[in-house]
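Sequence lines, in order, name chains U and A. When we follow the numbering used here, the leftmost residue of the first sequence carries the number 97, and every step to the right adds one. When we follow the numbering used here, the leftmost residue of the second sequence carries the number 2, and every step to the right adds one.
Hint data in this document are derived by calculation from the structure and do not stem from the laboratory. All C-beta atoms, glycine included, are put in the ideal place defined by N, C-alpha and C. Take the hints with a grain of salt, since some may be wrong.
Here are the simulated lysine-lysine pairs, DSSO-like style, with alpha carbons at most 30 angstroms apart [said to hold, decoys possible]:
| no. | chain 1 | residue 1 | chain 2 | residue 2 |
| --- | --- | --- | --- | --- |
| 1 | U | Lys178 | A | Lys291 |
| 2 | A | Lys251 | A | Lys138 |
| 3 | A | Lys163 | U | Lys222 |
| 4 | A | Lys138 | A | Lys291 |
| 5 | U | Lys175 | A | Lys291 |
| 6 | A | Lys138 | A | Lys163 |
| 7 | A | Lys291 | A | Lys248 |
| 8 | A | Lys171 | U | Lys222 |
| 9 | U | Lys178 | A | Lys248 |
Not close to chain A: a few residues of chain U, all C-beta gaps over 12 angstroms, as computed [said to hold, decoys possible]:
| no. | residue |
| --- | --- |
| 10 | Arg100 |
| 11 | Ala107 |
| 12 | Thr108 |
| 13 | Arg168 |
If we take Cβ atoms under 7 angstroms as the criterion, some of the chain A residues that face chain U in the derived model are [as the list claims (entries may be wrong)]:
| no. | residue |
| --- | --- |
| 14 | Ser175 |
| 15 | Thr177 |
| 16 | Ile178 |
| 17 | Ala184 |
| 18 | Ala187 |
| 19 | Phe261 |
| 20 | Leu265 |
| 21 | Thr266 |
| 22 | Gln267 |
| 23 | Ser268 |
| 24 | Ser282 |
So you can see what is in the structure, the chains are spelled out below.
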Amino acid sequence: MAERIDLEVPATLNALSTVRMVLGGLGARLDFCLDDLEDLYLATDELLRTALDTDAPDRLSVEVLLDDDALRFTAGTFKSAKLRADVTMHAEDCLDLCMLLRRTVDDVVLEDEDGAYRIVLVKRRKGGPA
Amino acid sequence: MSDPDEPRVNDPLDLEASPGQARASTAEDEDEDEASAHGGPAADAQGRGRDDSEKLDQYLLRRYHLYGDRTAREQLITMYLPLVRSLARRYASRGEHFDDLVQVGAIGLIKAIDRFDLSRGVELTTYATPNIVGEIKRYFRDKGWSVRVPRGLQELNIRLNKVIDELVPKLQRSPTINELAEAANATPEQVLEALESSQAYNSVSLQASPNGGAGEEDAGLIDYLGGEEEAYGAMEDRTTLAPGFAKLDKRERYILHLRFFEGLTQSQIAERVGISQMHVSRLIRRSLEKLREEIGELDNPQIMRPSGDDPE
Numbered sequence: 097m098a099e100r101i102d103l104e105v106p107a108t109l110n111a112l113s114t115v116r117m118v119l120g121g122l123g124a125r126l127d128f129c130l131d132d133l134e135d136l137y138l139a140t141d142e143l144l145r146t147a148l149d150t151d152a153p154d155r156l157s158v159e160v161l162l163d164d165d166a167l168r169f170t171a172g173t174f175k176s177a178k179l180r181a182d183v184t185m186h187a188e189d190c191l192d193l194c195m196l197l198r199r200t201v202d203d204v205v206l207e208d209e210d211g212a213y214r215i216v217l218v219k220r221r222k223g224g225p226a
Numbered sequence: 002m003s004d005p006d007e008p009r010v011n012d013p014l015d016l017e018a019s020p021g022q023a024r025a026s027t028a029e030d031e032d033e034d035e036a037s038a039h040g041g042p043a044a045d046a047q048g049r050g051r052d053d054s055e056k057l058d059q060y061l062l063r064r065y066h067l068y069g070d071r072t073a074r075e076q077l078i079t080m081y082l083p084l085v086r087s088l089a090r091r092y093a094s095r096g097e098h099f100d101d102l103v104q105v106g107a108i109g110l111i112k113a114i115d116r117f118d119l120s121r122g123v124e125l126t127t128y129a130t131p132n133i134v135g136e137i138k139r140y141f142r143d144k145g146w147s148v149r150v151p152r153g154l155q156e157l158n159i160r161l162n163k164v165i166d167e168l169v170p171k172l173q174r175s176p177t178i179n180e181l182a183e184a185a186n187a188t189p190e191q192v193l194e195a196l197e198s199s200q201a202y203n204s205v206s207l208q209a210s211p212n213g214g215a216g217e218e219d220a221g222l223i224d225y226l227g228g229e230e231e232a233y234g235a236m237e238d239r240t241t242l243a244p245g246f247a248k249l250d251k252r253e254r255y256i257l258h259l260r261f262f263e264g265l266t267q268s269q270i271a272e273r274v275g276i277s278q279m280h281v282s283r284l285i286r287r288s289l290e291k292l293r294e295e296i297g298e299l300d301n302p303q304i305m306r307p308s309g310d311d312p313e
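All chains, please: the whole structure from these sequences, using the hints.
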């Protein structure tokens, strides 16, 4: 049974800690291993930090959907073309945001919505107990 | 009763002898005092001097504890400052001023003198040494946190470090939060809070203990990485000319390389490099932070550009 949690936090670096704590609690409920949880922290941190730099929102809206074995993290909505490019475009041999996300989560999806978009990160349980 | 053959001042039971007659410790005595304190060869060679010193300790301790003689207390402090300096010197290469460490160690010495129990029959050096070292270690532990983190969380953090190191080989995988909580005798919420607070720990220095402790037995991270230099060299050409990476040291670049180019997990990196998973986590976050700052200065949103793609 899927469970959905919505968060709206100030668009500040301090608020990222709150997001991490929520993700940690939900990840623990899914029995994510520490490596997977750390990856989730890195991915969401880097994504939201870049969003703060490029899109300059007043508030950050985050939705977390828990499935049987996956956590689906959605942030947005954003309008910045630069953020979109950072998330989707990767230069070879380059540790950019796009590569970091690919290395830390299983899926990265952009959902277009009335001229804006939301960014979805999916992390599946892998390294924990069978 | 005192032995009539012994000089009166050296008889610890003779409370009538004047502290002013006691042998005063000087800077020249430092090495001798330390050797004496640890029962080293110098002490053996000068067993008589050591016996005298112990008797003097007992005498002064009795003067202080039984009669409230503050002069005796001050004399004990002065006598044992060379021991404090000697112990502080062991920690002097860890980024704190030597004089500060001596001050902190002196607090440990004073606590030892004040709390000394005459009825226990132990020597002051035996009791004072762990007090002094403990005070210095506590100082490092408290100074190691960039923001105020409650002591309980700091201690849970240290416990988690050990628990993770034990569980990874046992489980043959990275542990879950629930497994960590059970092993560390904490709740999952406490574990998450401790992990979050661990990012405030300033242990990313290559000279710092890789496991977050301050024990002298801990080697620096730099010692663990020597064997990795060759492997690192292979990737050096590939990535390090990029903007931002210049701000990282070689080892930080190497750990980022292992994680994001080789695809190793944090636990695997920890095992490869010989440091704790939590330390790897801090190093990665710290390195990304440095890159972000550097790239920000270059007005470039990317964390790192490919080598050869110089914006200049």
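Against the structure, the hints come out as follows:
A hinted pair counts as satisfied when its Cα atoms are at most 30 angstroms apart, and lysine 178(U) with lysine 291(A) qualifies at roughly 21 angstroms. Straight-line distance between C-alpha atoms of lysine 251(A) and lysine 138(A) comes to about 29 angstroms, which keeps the hinted pair within the 30 angstroms bound. This hinted pair checks out: lysine 163(A) and lysine 222(U) have alpha carbons roughly 23 angstroms apart, not beyond 30 angstroms. A distance of roughly 29 angstroms separates the Cα atoms of lysine 138(A) and lysine 291(A); the hinted pair therefore holds under the 30 angstroms criterion.
Using a Cα cut-off of 30 angstroms, the hinted pair lysine 175(U) and lysine 291(A) holds, with the two alpha carbons roughly 27 angstroms apart. Between lysine 138(A) and lysine 163(A) the alpha-carbon distance is near 18 angstroms, which keeps this suggested pair within the 30 angstroms criterion. Taking the CA atoms of lysine 291(A) and lysine 248(A), the gap is near 7 angstroms; set against the 30 angstroms cutoff, the hint holds. A hinted pair counts as satisfied when its Cα atoms are at most 30 angstroms apart, and lysine 171(A) with lysine 222(U) qualifies at roughly 18 angstroms.
Distance check on the hinted pair: lysine 178(U) and lysine 248(A) sit about 25 angstroms apart at the alpha-carbon level, within 30 angstroms; holds. A cut-off of 12 angstroms between C-beta atoms confirms that arginine 100(U) is not in contact with chain A; the least separation is 20 angstroms. No beta-carbon of chain A is positioned within 12 angstroms of the beta-carbon of alanine 107(U); the least distance is around 17 angstroms. No Cβ of chain A comes within 12 angstroms of the Cβ of threonine 108(U); the nearest lies about 16 angstroms off, and the non-interface call holds.
For arginine 168(U), the requirement that its beta carbon stay farther than 12 angstroms from each beta carbon of chain A is met, with the minimum near 19 angstroms. Below 7 angstroms, beta-carbon pairs count as interface contacts, and serine 175(A) has one with chain U at about 4 angstroms; its hint therefore holds. The restraint placing threonine 177(A) at the interface with chain U holds, with a minimum CB-CB distance near 5 angstroms, inside the 7 angstroms limit. Nearest Cβ of chain U to the Cβ of isoleucine 178(A): about 4 angstroms, under the 7 angstroms cut. The hint holds.
Because the beta carbon of alanine 184(A) sits about 12 angstroms from the nearest beta carbon in chain U, more than 7 angstroms, this interface hint is broken. With a least beta-carbon distance of about 12 angstroms to chain U, the hint placing alanine 187(A) at the interface is violated under the 7 angstroms criterion. The restraint placing phenylalanine 261(A) at the interface with chain U holds, with a minimum CB-CB distance near 5 angstroms, inside the 7 angstroms limit. At about 10 angstroms, the closest approach between the beta carbon of leucine 265(A) and any beta carbon in chain U exceeds 7 angstroms, and the interface hint on this residue is violated.
At its closest, the beta carbon of threonine 266(A) sits 4 angstroms from a beta carbon of chain U; the interface hint therefore holds under the 7 angstroms criterion. Residue-level restraint check for glutamine 267(A) holds (minimum Cβ-Cβ distance to chain U is 5 angstroms; threshold 7 angstroms). Taking 7 angstroms as the C-beta contact cut-off toward chain U, the hint placing serine 268(A) at the interface holds, the least distance being around 5 angstroms. This hint holds: serine 282(A) has a C-beta 5 angstroms from the nearest C-beta of chain U, less than the 7 angstroms allowed.
Comparing the model with each numbered hint stated earlier shows that hints 17, 18 and 20 do not hold.
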